[in-house]
Amino acid sequence: MSIDLRNRLFEQLDQLVLIDPHTHINALDPSSHTLADILGYHYYTELAHSAGMPKGQIEEEGISPKEKVGRLIENLGPISNTIQYSWFIEMAQKLLDFEGDTIDASNWEAFYDSAAEKMSADSWTDTVFNKSRLESVFLTNDFDDPLEGFDSTKYIPCLRTDDLVFHLTNARTKMRLYEATNVEISNVASAREAIGKLFDHFVSRNAKACAISLPPTFAPTKVSDARAETALSHVFSHGPSADEDDQRAVSNFIFWTLAENCQQHKLPFDLMIGVNRKVFPEGVYQGQDLYDSRVSLIQYKDLLNAFPDVTFPISVLASVTNQELVSYSWIFPNVVANGHWWYSNTPTFIQHDCAARLEAIPRTKQIGYYSDMYKMEFALPKFAMYKRILAKVLAENFVIDRSWTEESAVELGTQLLRGNVESIFNVGS
Amino acid sequence: MSIDLRNRLFEQLDQLVLIDPHTHINALDPSSHTLADILGYHYYTELAHSAGMPKGQIEEEGISPKEKVGRLIENLGPISNTIQYSWFIEMAQKLLDFEGDTIDASNWEAFYDSAAEKMSADSWTDTVFNKSRLESVFLTNDFDDPLEGFDSTKYIPCLRTDDLVFHLTNARTKMRLYEATNVEISNVASAREAIGKLFDHFVSRNAKACAISLPPTFAPTKVSDARAETALSHVFSHGPSADEDDQRAVSNFIFWTLAENCQQHKLPFDLMIGVNRKVFPEGVYQGQDLYDSRVSLIQYKDLLNAFPDVTFPISVLASVTNQELVSYSWIFPNVVANGHWWYSNTPTFIQHDCAARLEAIPRTKQIGYYSDMYKMEFALPKFAMYKRILAKVLAENFVIDRSWTEESAVELGTQLLRGNVESIFNVGS
Amino acid sequence: MSIDLRNRLFEQLDQLVLIDPHTHINALDPSSHTLADILGYHYYTELAHSAGMPKGQIEEEGISPKEKVGRLIENLGPISNTIQYSWFIEMAQKLLDFEGDTIDASNWEAFYDSAAEKMSADSWTDTVFNKSRLESVFLTNDFDDPLEGFDSTKYIPCLRTDDLVFHLTNARTKMRLYEATNVEISNVASAREAIGKLFDHFVSRNAKACAISLPPTFAPTKVSDARAETALSHVFSHGPSADEDDQRAVSNFIFWTLAENCQQHKLPFDLMIGVNRKVFPEGVYQGQDLYDSRVSLIQYKDLLNAFPDVTFPISVLASVTNQELVSYSWIFPNVVANGHWWYSNTPTFIQHDCAARLEAIPRTKQIGYYSDMYKMEFALPKFAMYKRILAKVLAENFVIDRSWTEESAVELGTQLLRGNVESIFNVGS
Ligand SMILES: [Zn+2]
Ligand SMILES: [Zn+2]
Ligand SMILES: [Zn+2]
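Chains as they are written, first to last, in full-length UniProt numbering: chain G, 1 to 429; chain U, 1 to 429; chain A, 1 to 429.
If you're looking for bench data, these hints aren't it; they were derived computationally from the structure.
Hints may contain errors.
What the hints assert, rightly or not - Negatives, chain A to chain G, calculated, CB over 12 Å: (1) ARG8; (2) GLU179; (3) ALA180; (4) LYS278; (5) TRP330; (6) LYS365; (7) TYR374.
As the list claims (entries may be wrong) - Cβ-Cβ distance ranges computed for the label pairs, FRET-style: (8) GLU67(A) <-> THR217(G): 52 to 58 Å; (9) ALA306(A) <-> SER190(U): 55 to 61 Å; (10) GLN93(U) <-> PHE150(G): 50 to 56 Å; (11) GLU67(A) <-> ASP142(U): 51 to 57 Å; (12) THR217(G) <-> ALA306(A): 20 to 26 Å; (13) ASP309(U) <-> PRO146(A): 26 to 32 Å; (14) ASN187(U) <-> THR217(G): 40 to 46 Å; (15) PRO240(G) <-> ASP243(U): 37 to 43 Å; (16) ASP309(U) <-> ILE3(G): 39 to 45 Å; (17) ALA306(A) <-> GLU60(G): 24 to 30 Å; (18) SER233(A) <-> SER224(G): 45 to 51 Å; (19) ASN182(U) <-> GLU67(A): 55 to 61 Å.
Built from N, CA and C at the ideal position, the CB exists for glycine as well.
Produce the entire structure from the sequences given, and follow the hints as far as they go.
Set out below in structure tokens:
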């Protein structure tokens with residue numbers, strides 16, 4: 001009965017047409033061409049590597065997509081328990097008409113070929129959008145992305161700012177910034193001018209958010225213009241060998257300037273908090289980052305108080321930070337709980353975190369889920385996973401434990417999945 | 001069947017007459033006069049504020065109680081999912097004969113009036129005690145509370161000591177202490193004398209506990225009399241601008257002196273660990289505090305070892321600290337796990353934390369729940385929430401998973417709800 | 001149905017013959033002689049002490065085993081809710097033919113006598129092995145254990161290294177090392193020689209792992225030979241009063257040397273992370289240790305990167321570190337998630353931690369459980385507890401939530417319980 005109930009709720013949530021509020025889709029090449037685009041996703045390469053497959057076999061230069069897929073398939077046995085493997089199978093079944101529950105050495109090749117044929121259709125991306133019941137997706141664009149050649153109401157730009165905040169010591173970043181804005185950044189005024197131009201450009205192209213991922217040690221504070229002036233000058237003259245204090249002051253100055261621009265342009269600022277980069281430098285591409293779960297949202301106290309008019313959709317990397325996210329969203333009007341990110345994007349953590357949010361954060365201030373995908377095919381299985389868990393939580397914690405009607409439960413789920421994306425990011429309604 | 005089982009256990013636990021071991025009830029005005037006393041509870045004002053209602057609308061001077069309730073009701077839609085909203089509805093139904101599941105613009109006014117009428121009865125407080133099956137409640141009294149004008153076996157005094165430990169730099173605190181004790185505190189000896197007088201007074205008025213809430217950075221240590229002497233002298237001459245080191249030494253000295261008095265008077269010392277005050281200074285009244293969950297009970301190691309005869313009922317603010325609370329209660333004879341506090345007082349965290357405690361802490365060393373309420377009407381829905389979760393945990397983790405009889409499960413629940421309050425605080429038996 | 005399903009899965013997992021990959025069994029005296037060996041286990045003495053039984057009654061010199069059991073039994077009432085008490089009852093029922101659910105003042109004496117009689121049989125240890133379906137157990141041997149007098153394929157040696165890393169300042173440790181290796185350790189070269197000899201000895205006696213428990217503050221780094229040389233010289237001349245920096249450098253040097261030897265001898269290095277020793281010095285024997293849950297696996301970043309060929313089965317003391325363990329095992333090929341340790345070895349934490357691991361760590365990189373027992377009788381109830389929880393997780397999170405077949409679920413459980421112990425430690429297959 002609880003299972004039937006869950007299924008009924010899921011069926012209704014599964015009818016919704018969604019907007020995916022955070023992806024890494026390339027708008028000029030959104031969907032896959034072969035299974036190599038699917039299995040090249042870092043979740044598969046890093047798990048296969050973790051289970052013993054040498055990096056050299058995975059990332060060997062010059063091998064064909066088919067060869068790569070064959071090698072990976074043969075190494076997926078040890079990860080058949082993972083939720084990531086189940087994404088692959090569900091995607092194969094629902095989008096690529098695969099029949100069966102296992103893809104292995106015995107059957108992958110025929111499937112590879114049939115998948116490649118389907119993916120070669122001109123309409124493939126549209127097919128994926130339709131079957132996935134997706135209306136549009138947010139992108140994650142480098143600050144110097146020209147944002148041209150695509151429909152920006154379907155592929156909605158989002159300004160990613162990691163490079164600006166953390167890599168301005170890098171001469172290449174400064175050069176890219178110059179190329180994007182025609183501003184040679186050398187001091188506080190020119191930095192403000194350049195960043196202002198980026199926002200103008202993005203907003204003119206329908207950008208609906210600014211985003212950044214942040215290490216657990218980051219604790220933004222306002223620095224004075226005078227301090228920023230000195231710090232910028234030191235950082236530009238010494239590059240990556242500049243004093244850590246100066247580098248931190250520059251990061252803080254740029255970060256604060258971004259928040260000011262978000263305020264001015266009424267853009268939400270997505271904070272994705274907690275990642276340490278390159279913890280495992282010998283890992284595969286995009287499979288090197290981990291974290292120190294000892295982080296607190298108290299580090300963002302000054303920021304949240306300084307920008308009451310900026311909405312901060314916050315994602316946390318570790319489930320142990322979820323209760324703080326619940327509490328800060330419950331108290332701060334400008335904090336929104338955003339999705340289930342990366343290492344917390346597995347069922348046990350999603351269920352625990354989702355349930356805690358649903359019972360204590362205003363229902364208008366929770367974004368249920370985003371896929372974080374690099375290729376369109378992943379929206380379907382990832383959202384399906386989330387919707388099953390959401391249906392379970394709504395069934396058990398609301399309909400059974402709190403005597404809610406199924407209709408009310410579906411309304412709440414609908415708001416998390418669609419309504420809040422519209423209202424928070426000002427899209428799609 | 002698991003649902004039926006839960007209901008059977010709940011029904012039995014729900015028959016118990018309880019003592020609420022921690023509230024903020026004003027013994028001279030314990031229950032509500034209008035719904036404004038209910039909806040003025042910070043849980044509603046802060047959630048409405050978080051969901052977008054301006055503070056100025058909530059806290060406008062001079063508006064009538066009815067106007068305030070009307071404004072708040074119109075802003076509760078976004079929080080209808082929260083467990084706090086469900087407390088309001090259950091309270092309305094069970095204590096105020098409200099019929100229906102929603103209170104909104106369409107029906108609040110008639111309900112406001114009928115509630116005000118019921119609350120105006122002389123017997124209203126008694127009615128609430130009876131319907132809530134409460135025998136008595138612990139108060140949380142300022143140190144200079146005269147403790148007069150009420151039945152101290154029904155409203156049991158508890159000495160709150162936050163001001164003494166953390167705000168002795170404040171001239172007003174020193175003055176209040178003088179007025180309460182006739183001791184002008186200026187050095188170690190007079191501080192000890194004043195605090196001793198407070199304890200004598202409280203104990204003579206049937207106080208059964210001393211309590212304090214503590215920031216996550218606090219780590220009590222014993223300071224020598226000589227160090228305390230210097231620190232007190234600096235703090236009294238420089239006030240709030242005194243050295244942080246001196247302020248910390250004074251806090252430690254006063255805290256240690258409180259523990260010594262608890263030992264002497266055989267009073268449990270409630271430690272409520274983890275709150276940062278005024279994290280969101282623009283928040284509504286009592287809706288400004290949050291926390292840094294990076295706190296450890298190891299900070300209390302010296303204290304727990306130094307006072308083996310003092311019972312420390314410990315509450316932790318964040319569920320991530322609950323496992324430490326379980327382990328410290330399992331090892332230290334003088335540590336007791338106490339209730340589910342504030343940001344951890346929502347079903348998902350209660351269930352997880354309660355289950356972990358029930359299977360590893362001696363059954364005599366767990367206080368199931370306290371309401372933390374400011375007005376008597378909240379005991380019923382808050383305890384009901386807890387009893388449902390307790391029944392669920394007893395049903396699933398004991399009767400089903402460990403083959404306990406229902407009778408044994410109810411006995412365990414009864415001990416958490418009533419028996420341990422009696423034995424730990426020496427009341428009511 | 002979910003209960004029936006769980007039971008079916010449990011029955012199948014319960015048929016497996018297991019190898020216990022971490023115990024503290026004394027190979028020369030593996031099983032109990034009386035119930036005093038059972039109830040003398042720190043879980044019972046520390047819980048009875050925590051519930052109010054004076055240490056002097058528990059540890060009084062010269063009392064008979066029977067007297068000790070009688071005293072403890074009379075103090076177990078307050079811990080009848082704990083999972084540890086349920087281990088005792090299940091063990092009594094399954095191994096010692098006890099009938100009933102409670103052992104108390106009314107019935108313990110007859111049971112004591114019948115247990116003592118059963119335990120006095122020459123075949124008792126074999127009986128326990130058989131009824132527990134155990135094939136062999138790992139030991140935890142002091143570095144100077146002669147490893148003689150037992151069958152090292154049934155009692156598999158494991159080199160415990162806590163003393164070497166953390167107590168080399170202790171003259172007694174240095175002496176024991178000399179007695180074990182004939183090497184007078186005085187500098188880097190002799191330290192390497194001595195440790196090499198220990199490994200040679202252990203490996204020659206079929207040792208299959210090296211193990212250590214680590215405080216939350218430990219963060220291993222490589223120190224240069226020159227730094228190690230100075231540090232060793234200071235530590236040997238000043239003993240425990242040597243500079244903390246020097247002591248830390250010595251710990252790091254020895255720890256790194258152990259890892260180098262694990263690499264050379266292809267031994268997994270069990271890291272048991274997070275314990276603070278003697279937090280409660282007045283506690284009973286082995287009941288004095290607790291922890292600070294603020295620890296991160298990022299502290300092991302350098303080590304994990306430096307030794308890609310050493311397998312590190314990692315146990316964490318607190319459930320809040322479990323997600324990091326999941327993520328680090330998912331990314332680092334040489335990290336394996338190992339069992340449910342000590343304060344996390346209770347059902348609520350096991351279930352949450354186990355579920356999180358099963359869905360995100362390659363199935364080949366998870367060791368389901370070890371008993372950590374001191375006497376053979378505890379394997380049966382401890383593994384039974386784990387198998388029930390594993391069956392529950394497989395039933396709910398795999399068969400129900402993810403539509404796995406029961407057969408596949410049992411295969412996954414079997415791999416966790418047996419297969420991975422074989423492959424990771426190179427035993428038993
Ligand atoms: Zn992303
Ligand atoms: Zn309170
Ligand atoms: Zn052990």
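Which numbered hints turn out to be false for this structure? 5, 6, 13, 16
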